[in-house]
Amino acid sequence: MAVNRLFIANRGEIALRIVRAAQGLNTQTVVGISDADRGSAAARLADRALVLGPGPAAKSYLDPRLVVHAAKAAGCDALHPGYGFLSERSILPRLCAEHGIAFVGPEPDMIDALGDKLQARAMAKAAGVPLVPGSEEIASAADARREGDRIGYPVLLKASAGGGGRGMVIANNANEVEAGFHKASAEALAAFNDGRLFMERFVPEARHVEVQLMGDGTGKVVHFGERDCSVQRRYQKLVEEAPCTAMPDRVRKQLHEAAVALAASVHYRNAGTAEFLYDVAREEVYFIEVNARIQVEHPVSEMITGFDLVQEQIRIAGGSALSVAQDDVRVTGHAIECRINAEDVGKGFIPVPGRITGWQVPTGEGIRLDSHMSEGAMIPPFYDSMIGKLIVHGSDRADAVAKLTEALDAFKVEGVPTTIDLHRRIVRHPDFIENRIHTRWLEQTLLASPE
Amino acid sequence: MSGPKTEGAALADIEALIADFQASGMRELHVRSGEFEIYLSADASAPGLGAQAVAVRVEPVAPAAAAPAAEAPASAAIPAAAPSSLPDNAVIVRAPYLGTFYRAPKPGSPVYVDVGSVVTADTEMCLVEVMKLFTAVRAGLSGTVHAILATDGAMVEADQPLFAVIPG
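Chains as they are written, first to last, in the numbering used here: chain H, 1 to 451; chain F, 452 to 619.
Just chain F, with the same shape it has in the complex (with noise of 0.2 Å):
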């Protein structure tokens, strides 16, 4: 931290603390800096400090949609439906390569395909995007979509299953 260490400490200063607290995963913070003192908890029901100290309840700074990916992308990513529990004359489409999974092509924009739609080799069913490059996943046959197996906005692996599809 710079800026004014004791009285005074800039408002600016006691958001950006609050914002590297946040970000850091931390439990609890307590600092004490001449006269100024702050105890920040993620807990809301944090006992504090007492009378002259300021107990801050801390929301996250955006939501925590997708696990952090960076470092196992692929742990991200958790199918909504085991392939094992498919059946027998299910056809699987998968991912081309490591990317993001998105079922609409746009955001607000209807999806692709949901279970129940028909399908034919050329249908478009997601797309795939890594680093910019953006992929439209077809089909491959006929039929209709039996289960959606990833979850719209996660990382997927090459060749992770993204749909069944009944062939018919």
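Only chain H is shown next, with the shape it has when bound in the complex (with noise of 0.2 Å):
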């Protein structure tokens, strides 16, 4: 029974995104919002607004019940979660389910067990997908120092509950490890309430890769192939594409073959993302994580492959089977994007809230841009500073490279500082230009040098 009235539990960019993704399909929408963003432009082009709460994400877009009850009320059919705020909290799909109201995403077992990295490295061994080298459970600073003498340092201590770059520790030899032990335990129980850890091998020049799945829940998993985002600060990603061309074809093979082959095995629903490291010295990939929800840089699998993956979670949401086979998946050309946040480059990214008073944005051919973002919109100081994502689809990747340079040197924004100008320096540094990067690259030499 396809979706009728579908409730949108985001804010910003996704949650506009959702709307048109709906309308598309005749599907009425319904947007939880904050006080704070009654202008939205979600808010504006929803069928209705419902208003949360406050400001505040706790009081409002990070309050479970408050969001389903409010779903309840208007009388949607389904819920979609977006990404952030509670789009990983598996409370949200079991109110769901308690109410009666579709979940877009997977089953809230499935977001427990993904969540925890522990049991996401246990799937991902059990459906034959290379891990790093690393340990099992870490009970002890003398464990640690065992696991790290046999697997060779540097080495990562990660918290099996941790995320997003939050709670690791990178210990370079058996004196650090013990130490590096102490503080990440301590560091994972204050901020997740679960003080377990693993162990890694660091692979210090790495890219970051991850394939973009959808399933729907009978053990049939389609691709739609690589993301290569190794342009990171503070293992929050900046700059993303596709395809990975810095990778042989032969790896790229095994990396869709050992995504898809963990999704089958858990009967994987909805979309989902399998984060990867590529070594490149090694020309080997490891798995990472899965993220159970659709992804900020979802946009360049679209733009290569001309599926809408929104529209596609709302079609299995509502009971559908995938509507693409794998055979129906073509990678045309490259896509790059950008996220355009609301940060001072130069006081250490500090976000800014504000008004924007100027918004001249690039557009053409091969052009497109995700943003809530308009000439005298606010942007509230309590959420994301992430104000809107430019994508790029050329022929190829120098082809998708130039026009990316070119709409970054259209795009003015003005009333608050962004991303822009640094994005400027990524496109034309010669290390991008020549794909030359790696998961430090941006930290260690392109804003370690001068401006």
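Warning: the hint list may mix true and false statements.
Calculated lysine-lysine pairs in the DSSO-like style (CA-CA distance at most 27 Å, straight line) [what the hints assert, rightly or not]:
no., chain 1, residue 1, chain 2, residue 2
1, H, Lys-220, H, Lys-347
2, H, Lys-412, F, Lys-583
3, H, Lys-412, H, Lys-237
4, F, Lys-583, H, Lys-125
5, H, Lys-237, F, Lys-583
6, H, Lys-253, H, Lys-237
7, F, Lys-583, H, Lys-347
8, H, Lys-347, H, Lys-253
9, F, Lys-583, H, Lys-183
10, H, Lys-183, F, Lys-557
11, F, Lys-557, F, Lys-583
12, H, Lys-253, H, Lys-220
13, H, Lys-237, H, Lys-183
Between beta-carbon pairs, the in silico distance windows are [stated by the list, open to error]:
no., chain 1, residue 1, chain 2, residue 2, range
14, H, Asn-172, F, Ser-560, 32 to 38 Å
15, H, Glu-257, F, Gly-591, 55 to 61 Å
16, F, Gly-591, H, Leu-447, 41 to 47 Å
17, H, Arg-428, F, Pro-547, 30 to 36 Å
18, H, Ala-321, F, Asp-565, 56 to 62 Å
Rough simulated footprint, nothing fancy, chain F against chain H, three-plus residues with beta-carbon under 8 Å [to be verified]:
no., region
19, 47 to 60
20, 207 to 221
21, 240 to 253
Since the hints were made in silico from the structure, they are not lab data. Glycine included, C-beta positions come from ideal geometry on N, C-alpha and C.
Using the supplied hints, reconstruct the complex from the two chains, each of which is provided in its own coordinate frame.
Below you can see the structure in the form of structure tokens.
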């Protein structure tokens, strides 16, 4: 049964993106907003907007009971969580199920299992997916030392409950690994209320690659190619592209097969992303984790395959089987996305809320801008600093880089500082143009050099 | 409103209408569509419509804690004590940037400092958060906390006074 009325439990560009996708399916839309987002683009475009509560997210977007109550009150039969906020909190799909609302995402137990890195690693191992050489759970400093000696330094101590780079400590030798164990477990306990740790070999020059997956819960899983998200700062992605041209076809095929095998083995439902490290020197890929949601960077996969992933998510939540077979997915050209954040790069990337007083955007063939901003729009102080995503599609990587360079030059924002100028430096850098980057390139090379 | 127009208006639609009404800031709303009629008032003592009508006392959806801050964030912050009434030797600890002022590391935890707390230069006094970036504000001097000048959970402006500390 197709979704009749969809509740959107998110804000910003992704709320707008979901409203548009739903409208394309003739699905009614209700967006739950905070008081601070009354004038937002999603609230205006949706059929209805319900105010969940005041600006602070804990009292609006992050309150699962409030969100599901609003969805129920508005007569919605499905709920899309977007990314961030409650998207990977299993309480949300559990409450949806209690109220007969279809959740646009995987089952709650799957979210819990994938959110626990030790469990996710076990799933991947069982599906024959290569892991970063590492350990099972580490129980003591002595354990940490024994495993560190076995794996070989440097190693990364990671919180099982962590994510997004939080709860990670690098240890370069046996002494550091013992101190690191105490530091990482205390941090993990404080941050996640779960001190369990494991260890992985630290890959110094790695690329971050990931595979876009979609399953319908029957064991049928289709992939939409890989993305390369190696331009990062503090484990936060800034530029994402597809496909990954720094990888031989043999490795790419292995990557896709591993990701699909993992998702198929657990009968994964809806959109997910399997993240991997690519060790360029060894030409090997290692599984990191699965993100059980649509991701910020999904548009680059849409641009190279021509599919609307959010519409496919909604169809699957409505009970449809996958509308796409693997043979239907053909990669054409190259796409790159830049995250435009309202941040002051010169002041340590501090986020800056405020009003947009000028908004001139690039347009043209192969240029897509996913943004909820416009001249006069307000960026509230309560949420993420991302104000848009500029995506370009070219015939190949060089063409895409050229288009992106022009598009960034034409993109003028006034009122708040943004990361646009940083992106202009990135796309002009010889390392980026020649695709010689890795996950620490931005911090070690570009940001370390004078402007 | 979509859905049934006349009798048998879906309960969900009525609930949604109530939620919309609550969110709108309107005082009263009277809707009549065919056989269906509803009267909503934010005032519990409102007379209603008579025998057939329903009067619903509308409670706020969520506690009206901080004032809507998006349009004028600074206005939401009400200093708990005016800096002008402080002793001459008081040193003011200020907000590093516009953001939300938190006195405790997380909800339910003990506050970092209170009036009378003894601090040193490195003592963390509060958190200021903007767009998910949390910054711990340190005292910057040794002394005793004399006054707390901002409200926990409120928006503060850049350089707004947060604490008064008496050096010593």
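A quick look at each hint next to the structure:
{"no.": "1", "hint": "Lys-220(H) <-> Lys-347(H)", "verdict": "48 Å, violated"}
{"no.": "2", "hint": "Lys-412(H) <-> Lys-583(F)", "verdict": "25 Å, holds"}
{"no.": "3", "hint": "Lys-412(H) <-> Lys-237(H)", "verdict": "22 Å, holds"}
{"no.": "4", "hint": "Lys-583(F) <-> Lys-125(H)", "verdict": "34 Å, violated"}
{"no.": "5", "hint": "Lys-237(H) <-> Lys-583(F)", "verdict": "16 Å, holds"}
{"no.": "6", "hint": "Lys-253(H) <-> Lys-237(H)", "verdict": "24 Å, holds"}
{"no.": "7", "hint": "Lys-583(F) <-> Lys-347(H)", "verdict": "16 Å, holds"}
{"no.": "8", "hint": "Lys-347(H) <-> Lys-253(H)", "verdict": "42 Å, violated"}
{"no.": "9", "hint": "Lys-583(F) <-> Lys-183(H)", "verdict": "23 Å, holds"}
{"no.": "10", "hint": "Lys-183(H) <-> Lys-557(F)", "verdict": "20 Å, holds"}
{"no.": "11", "hint": "Lys-557(F) <-> Lys-583(F)", "verdict": "13 Å, holds"}
{"no.": "12", "hint": "Lys-253(H) <-> Lys-220(H)", "verdict": "18 Å, holds"}
{"no.": "13", "hint": "Lys-237(H) <-> Lys-183(H)", "verdict": "25 Å, holds"}
{"no.": "14", "hint": "Asn-172(H) <-> Ser-560(F): 32 to 38 Å", "verdict": "33 Å, holds"}
{"no.": "15", "hint": "Glu-257(H) <-> Gly-591(F): 55 to 61 Å", "verdict": "57 Å, holds"}
{"no.": "16", "hint": "Gly-591(F) <-> Leu-447(H): 41 to 47 Å", "verdict": "28 Å, violated"}
{"no.": "17", "hint": "Arg-428(H) <-> Pro-547(F): 30 to 36 Å", "verdict": "33 Å, holds"}
{"no.": "18", "hint": "Ala-321(H) <-> Asp-565(F): 56 to 62 Å", "verdict": "60 Å, holds"}
{"no.": "19", "hint": "47 to 60", "verdict": "holds (count 12)"}
{"no.": "20", "hint": "207 to 221", "verdict": "violated (count 0)"}
{"no.": "21", "hint": "240 to 253", "verdict": "violated (count 0)"}
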